[in-house]
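J.: One-letter residues, chain by chain:
There are 4 protein chains.
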Amino acid sequence: MKVIVDLCIIPLNVEVSLSKYIAACQVILKDAGLKTHLHAYGTNIEGEWDAVMAAIKACHEKVHSMGAPRIATTIKLGTRVDREQSMEDKVRSVELKLAH
Amino acid sequence: MKVIVDLCIIPLNVEVSLSKYIAACQVILKDAGLKTHLHAYGTNIEGEWDAVMAAIKACHEKVHSMGAPRIATTIKLGTRVDREQSMEDKVRSVELKLAH
Amino acid sequence: MKVIVDLCIIPLNVEVSLSKYIAACQVILKDAGLKTHLHAYGTNIEGEWDAVMAAIKACHEKVHSMGAPRIATTIKLGTRVDREQSMEDKVRSVELKLAH
Amino acid sequence: MKVIVDLCIIPLNVEVSLSKYIAACQVILKDAGLKTHLHAYGTNIEGEWDAVMAAIKACHEKVHSMGAPRIATTIKLGTRVDREQSMEDKVRSVELKLAH
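Protein chains in written order, with the working numbering: chain A, 1 to 100; chain B, 1 to 100; chain C, 1 to 100; chain D, 1 to 100.
There may be inaccurate statements among the hints.
Treat identical chains as interchangeable: a pair holds within one or across any two.
What the hints assert, rightly or not - Think about it this way: if two alpha-carbon atoms lie no more than 25 Å apart in a straight line, the pair counts; the simulated DMTMM-like pairs of lysine to aspartate or glutamate are:
#, residue 1, residue 2
1, K97, E48
2, K57, E95
3, K2, D89
4, K97, E61
5, K30, D82
6, K20, D89
7, K20, E84
8, K62, E95
9, K35, E15
10, K57, D82
11, K62, D31
12, K62, E46
13, K62, D82
14, K62, E84
15, K2, E84
Since the hints were made in silico from the structure, they are not lab data.
In isolation and in its complexed conformation, chain A is listed as follows:
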């Protein structure tokens, strides 16, 4: 089952800048061979369900190991069985409507 995810990992009780934790997660996602797009409030991820979920778990383990006692994550997660659809397809589909 393929999934498109939007992942936002927020370490608590650490310094006010979170970018080093986010960067560590980007490395994990890339190393897992997942397609990603970083934006201003999370990261889009595309891949097989199990591979994506294993990478998200690895991100939690990594961020805890970097010193965060607590993590609050928000995940949006879409699956569909009617047809294949990539992250680019989703954006392009909206942009096409806007161009008309």
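With chain A's structure known, arrange chains B, C and D on it following the hints.
T.: Showing chains B, C and D alone in chain A's frame:
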């Protein structure tokens, strides 16, 4: 790694009432032996990471098999390594503050 | 326009326990006359769109004034125009399906 | 109070493709003069709290008027009082960490 999750599964392109899909997911979560609390905008779940994630995947598979071509899920997911904390602890902690 | 919301306000860069901030927000929501249900990963709120949104803004202002330099909030928000539905209706509708 | 938001509006009980609804919301956000970035699972928005919230309400009203009886929206919403930060700052801050 223990996790407290808030799960909100939304089947798309189905009838306007979603309760039969939510009910089917409740059965899956209970059968998985997970502690749950159903509220008006999702379900709190407490358990081990892998068990919770396997149950969420089973929910997606079930809801697709019931006829939903597309599912949009929102998950909030908290882990902490400083101490144990249950769902009841979290609510009680706020209620204690309110009682003073 | 009536709305049913699930609100989860997370102050960053503060102590690891967040319950005093959550409690302060409960007070604001109650004082605003909104119907609420506190659960282990947020608070359900029912009310008119503008009243609910004004209360959420007041929560952010309050939590900042209590010392949080940064806040990360997650809101789920449902509106429907086909019929009236309360928070209790939503839960009861699922429970009825489970009872059969 | 400035806010950075991630908005994901999901009309229910409509056709399986949601892009025409998303496109209509993009128009509303642009017309409101808000800075936006469309990604595969939502839209980043930057602006003043009241202006952003008014635009989100206008999106709900528009999507209902296009025929959706029910809408399920997910909003992530960040405020900070320690310093100014734009959507580009947030992405750049992570990319700088990755470049080292």
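J.: Now, for every hint given, state plainly whether the structure supports it.
T.: Checked hints:
1. K97 to E48: Cα proximity of K97 and E48: none, with 28 Å in one copy and 27 Å across.
2. K57 to E95: between (33 Å within a copy, 22 Å between copies)
3. K2 to D89: within (14 Å within a copy, 32 Å between copies)
4. K97 to E61: Answer is between: at 19 Å across copies they meet the 25 Å cutoff, but 41 Å inside does not.
5. K30 to D82: Neither: 28 Å inside a chain and 29 Å across chains, both beyond 25 Å.
6. K20 to D89: Close across copies (14 Å), not inside one copy (30 Å); limit 25 Å.
7. K20 to E84: Between copies only: 19 Å across chains, 34 Å inside a chain, cut-off 25 Å.
8. K62 to E95: between (36 Å within a copy, 18 Å between copies)
9. K35 to E15: The answer is neither: 29 Å in one copy and 28 Å across copies each exceed 25 Å.
10. K57 to D82: Close across copies (18 Å), not inside one copy (28 Å); limit 25 Å.
11. K62 to D31: within (13 Å within a copy, 31 Å between copies)
12. K62 to E46: Both: 20 Å inside a copy, 21 Å across copies.
13. K62 to D82: Intra 35 Å, inter 15 Å, cutoff 25 Å: inter-copy only.
14. K62 to E84: between (32 Å within a copy, 19 Å between copies)
15. K2 to E84: Only inside one copy: K2 and E84 sit 8 Å apart there, 33 Å across copies, limit 25 Å.
Hints 1, 5 and 9, counting from the list given before, are not met by this structure.
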